[in-house]
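**Q** Below, each chain spelled out in residue letters.
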Amino acid sequence: MQMDSKGKLIPVIEGRKICKRFSSKRGEKTVLEDIDLSVSENEFVVLFGPGQCGKTTLMNILSGLDVPTSGTVYCDGEIVQRPAPERGVVFQAMALFPWLTVRGNVAYGLKARGVPRDEWMERSDYFIKLVGLEGFEDAYINRLSGGMKQRVGIARAYCNDPKVLFMDEPFSALDAQTRYMMQDEIARIWETEKKTVVFVTNNIEEAVFLADRIILLTNCPSHVKKEYRIDLPRPRDYTSRDFLLLRDEITKQMDSTL
Amino acid sequence: MMDTKKLKQLAKDSVYGLISVCVFLCIWAFGVRTSDIGIVMPGPGKVIYEFIQSFFVPIGKYTMPGHILWSLYRVLPAYIVGSVLGIVIGIAMGWFRYVNSFLRPLYEMIRPIPPIAWIPISIVWFGIGEGSKWFIIFLAAFVPVVLNSISGAKSVDPLLLKCGEMLGADKKYIFRTIVLPYSVPYIFSGLQVALSASWATVVAAEMIRSSEGVGWIIISSMDTNNVTQSLVGIVGIGIVGFILAVMMRELEGRLCRWTVREN
Chain A
1 MQMDSKGKLI
11 PVIEGRKICK
21 RFSSKRGEKT
31 VLEDIDLSVS
41 ENEFVVLFGP
51 GQCGKTTLMN
61 ILSGLDVPTS
71 GTVYCDGEIV
81 QRPAPERGVV
91 FQAMALFPWL
101 TVRGNVAYGL
111 KARGVPRDEW
121 MERSDYFIKL
131 VGLEGFEDAY
141 INRLSGGMKQ
151 RVGIARAYCN
161 DPKVLFMDEP
171 FSALDAQTRY
181 MMQDEIARIW
191 ETEKKTVVFV
201 TNNIEEAVFL
211 ADRIILLTNC
221 PSHVKKEYRI
231 DLPRPRDYTS
241 RDFLLLRDEI
251 TKQMDSTL
Chain B
1 MMDTKKLKQL
11 AKDSVYGLIS
21 VCVFLCIWAF
31 GVRTSDIGIV
41 MPGPGKVIYE
51 FIQSFFVPIG
61 KYTMPGHILW
71 SLYRVLPAYI
81 VGSVLGIVIG
91 IAMGWFRYVN
101 SFLRPLYEMI
111 RPIPPIAWIP
121 ISIVWFGIGE
131 GSKWFIIFLA
141 AFVPVVLNSI
151 SGAKSVDPLL
161 LKCGEMLGAD
171 KKYIFRTIVL
181 PYSVPYIFSG
191 LQVALSASWA
201 TVVAAEMIRS
211 SEGVGWIIIS
221 SMDTNNVTQS
231 LVGIVGIGIV
241 GFILAVMMRE
251 LEGRLCRWTV
261 REN
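Going down the list, the protein sequences come from chains A and B. Position 185 of the first sequence, counting from 1, maps to 185 under this note's numbering, and the rest follow consecutively. Position 200 of the second sequence, counting from 1, maps to 200 under this note's numbering, and the rest follow consecutively.
Just chain A, same shape as in the assembly (with noise of 0.2 Å):
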């Protein structure tokens, strides 16, 4: 955790003043407006809002794949530009390299930026034991399941260690079995390795089971509407009585925005 000259905690990511046009022949589309955001360590923050808000297109903007029409983002108190490797993304279409085995794909990053052949292996031996893939270590991803290759994502990103993790609907692909075993999984995996993480999604019940913070975004233009801090104890459970009240207040909460 690094703090500025005065002694505040500075945020992992801080987004100040962030907004989005897209301009086409129709005319200008605002689908960012002024939001204010921080994350900081070791926090799960959750991205909730409705269908088609902006969700992507602020967390795009938040790990440098995009930049914002206007305003700042800051990762440890410098300005993104672009992609880097401290900030790891889980893309919702996967973006896996097929031409790869699953352990090229994991260890990517490393090899990309020179690290010995035995650190490599070990760490990536470590996430895709992690993830659950022994044994598809050299297995090419098209001889994979849709949950295994977002795994493989996950991997890939966690191998890296980046300071903080993106993922962008990772789940939404699969099928509702899937999904929730993905979320237990990604629970776990995030309680034996603690990371920042920022997770999008249009899932209630995703949101409440990973989120430390849930951020309601509002329709197009989107801003930040409330935050919701989620103490439930973990790990969670979808059927308990706090976990379903939460759930019916924030669906409230979204529901008036539309």
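A few of these clues could be false.
Output of the computed footprint for chain B on chain A, the stretches with three or more beta carbons under 8 Å from beta carbons of chain B [claimed, not checked]:
| hint | region |
| --- | --- |
| 1 | 76–85 |
| 2 | 134–143 |
Subject to a maximum C-alpha distance of 27 Å in a straight line, what follows is the list of computed BS3-like cross-link-like pairs (lysine-lysine) [what the hints assert, rightly or not]:
| hint | chain 1 | residue 1 | chain 2 | residue 2 |
| --- | --- | --- | --- | --- |
| 3 | A | K252 | A | K226 |
| 4 | A | K163 | A | K195 |
| 5 | A | K195 | A | K149 |
| 6 | A | K149 | B | K171 |
| 7 | A | K29 | A | K111 |
| 8 | A | K111 | B | K154 |
| 9 | A | K194 | A | K163 |
| 10 | A | K149 | A | K111 |
| 11 | A | K149 | B | K154 |
| 12 | B | K172 | A | K111 |
| 13 | B | K154 | B | K172 |
| 14 | A | K29 | A | K225 |
| 15 | A | K252 | A | K225 |
| 16 | A | K129 | A | K149 |
| 17 | A | K149 | A | K194 |
| 18 | A | K226 | A | K195 |
| 19 | A | K111 | B | K171 |
| 20 | A | K17 | A | K195 |
| 21 | A | K163 | B | K171 |
| 22 | A | K194 | A | K111 |
| 23 | A | K163 | B | K154 |
Worth flagging that the hints you see were computed from the coordinates, not collected in a lab. C-beta atoms are modelled at their ideal positions from N, C-alpha and C, and glycine is treated no differently.
Since the structure of chain A is already known, use the hints to place chain B on it.
**A** Frame of chain A, contents of chain B only:
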């Protein structure tokens, strides 16, 4: 691994293929027997017989395998040089904007010219020996390989590029580990087209003046009005072309195992 289901499918496919060949041969035999074409054209039986014969009895200076080896000797070096150069230039054009702006107009002008149009020029440049033949076949291979390599390097998924950057790879590493492998299947389809084109062009190249090669078999049959010999040459070209294409597909399957789905 080949399982029984796959094997059965393969057997079925072969049977269908065999049927179409048989039907074709029957129509040929029937046509030759019942019409005036029979006066100038032999039936399939005679052609197949002569084709097998050609492996033992030389046509001109060589037997069929000798002619085939001569033609391969003309095709392969030119094909390999044309392909390698085509891959390098094509990838560079597809990936580096200004290389593309610089070379595209030239390439687009060369592209529609059929390789045989270069015969007179190539004789002026390289004489009537092997050089002019190599040059024409080189062009036949180079043009399609460039085209496919360009589209390979151009169509790299931008998300994968961003992903590479996100994981900390620099430009060189991204080029080597993302752009190149992404282009490989495209390059292979170019290599496949180029191989057929080069093999087809050898006939034209051997028109320049030669006394051997499968192309020569056809050219010389024109001088002697020997239709059977011409057909024997055609069968030889067809079979060798078929074998080359199969070998190429096999090589692709081995080199890009990741694009081959195993169900």
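**Q** So, for every hint listed, does it hold in this structure?
**A** Hint-by-hint comparison with the structure:
no.	hint	result
1	76–85	holds (count 4)
2	134–143	holds (count 4)
3	A/K252 / A/K226	12 Å, holds
4	A/K163 / A/K195	7 Å, holds
5	A/K195 / A/K149	21 Å, holds
6	A/K149 / B/K171	26 Å, holds
7	A/K29 / A/K111	41 Å, violated
8	A/K111 / B/K154	25 Å, holds
9	A/K194 / A/K163	10 Å, holds
10	A/K149 / A/K111	20 Å, holds
11	A/K149 / B/K154	26 Å, holds
12	B/K172 / A/K111	13 Å, holds
13	B/K154 / B/K172	16 Å, holds
14	A/K29 / A/K225	19 Å, holds
15	A/K252 / A/K225	12 Å, holds
16	A/K129 / A/K149	14 Å, holds
17	A/K149 / A/K194	22 Å, holds
18	A/K226 / A/K195	24 Å, holds
19	A/K111 / B/K171	14 Å, holds
20	A/K17 / A/K195	25 Å, holds
21	A/K163 / B/K171	22 Å, holds
22	A/K194 / A/K111	23 Å, holds
23	A/K163 / B/K154	33 Å, violated
Checked against the numbered hints listed earlier, the structure breaks hints 7 and 23; every other hint is satisfied.
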